[in-house]
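> Sequence:
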Amino acid sequence: MRKYFESIDHAILEQKLARIIRCRPTLELCRRIVASSEAPDVQPAWFPGDDLFTPAERARGLPIGNLTSQLWANLYLDRLDHVIREQLRVPGYVRYTDDFILWADDKAFLHACRERIGEELERDRLALHPVKTCLLPVRCGVPFLGFRFFPERAPRLLGECKRRFERRMRRKMAGVRAGEETMAHARLSAEGWKAFADYGNVVGLYRLYRATGFG
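Note that this note's numbering has the sequence shown beginning at 6, numbered continuously upward.
Bear in mind the hints are in silico, worked out from the structure with no lab data behind them. Each residue gets a CB set at the ideal place from its N, CA and C atoms; glycine is no exception. Just so you know, nobody snuck in bad clues.
Derived CB-CB ranges, DEER-like:
no.: 1; residue 1: Asn71; residue 2: Ala179; range: 28 to 34 Å
no.: 2; residue 1: Ile17; residue 2: Asp104; range: 18 to 24 Å
no.: 3; residue 1: Ala183; residue 2: Asn71; range: 27 to 33 Å
no.: 4; residue 1: Thr138; residue 2: Glu19; range: 25 to 31 Å
no.: 5; residue 1: Ile26; residue 2: Tyr211; range: 45 to 51 Å
no.: 6; residue 1: Thr138; residue 2: Ala179; range: 32 to 38 Å
no.: 7; residue 1: Gln75; residue 2: Pro142; range: 29 to 35 Å
no.: 8; residue 1: Glu196; residue 2: Ser41; range: 31 to 37 Å
no.: 9; residue 1: Gly123; residue 2: Arg175; range: 37 to 43 Å
Based on the sequences and whatever the hints tell you, model everything.
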């Protein structure tokens, strides 16, 4: 999705919550949490039926770090799951929050699915990412959740994840040298990233890091 958490529409989310939560005090608490989490810098977006002022009239955005945001972000796309599995009947489908993959042997069918998904997302005031939404054969490797997955070998870490880690560690080491950060805290950050990266084939990457001083 394009700017998924920042784009979640408050009114639509509250409608979805009201369909499954019958306890009025709980629902009111959810509404207060939603209302307190508008993203201040979200870019305006127009959808079919909007007028010039519609984006300014609709509150949007959830903070990524909140536990409720993770749960509600999954709920927000529940209808899309049913469309893909029950109406489009895609042979293979997996979704993690706003990242999802469809598998099929028919390229024309997948192109049609992408068009239908784009239309369905507009109903929830969302849009597919213009660059990251792509159609490709699995033999080339499928980018998903920070890795590139292959049919018969271990996944490889995506370059952007590696570069993001390197930028973070440079900032933390600069903080250590300036006395603004402890080495123990910087090490915890590196160990957390390593626990994530270990899911892929990163032996060569770790060897490179040790040789260049990141280890």
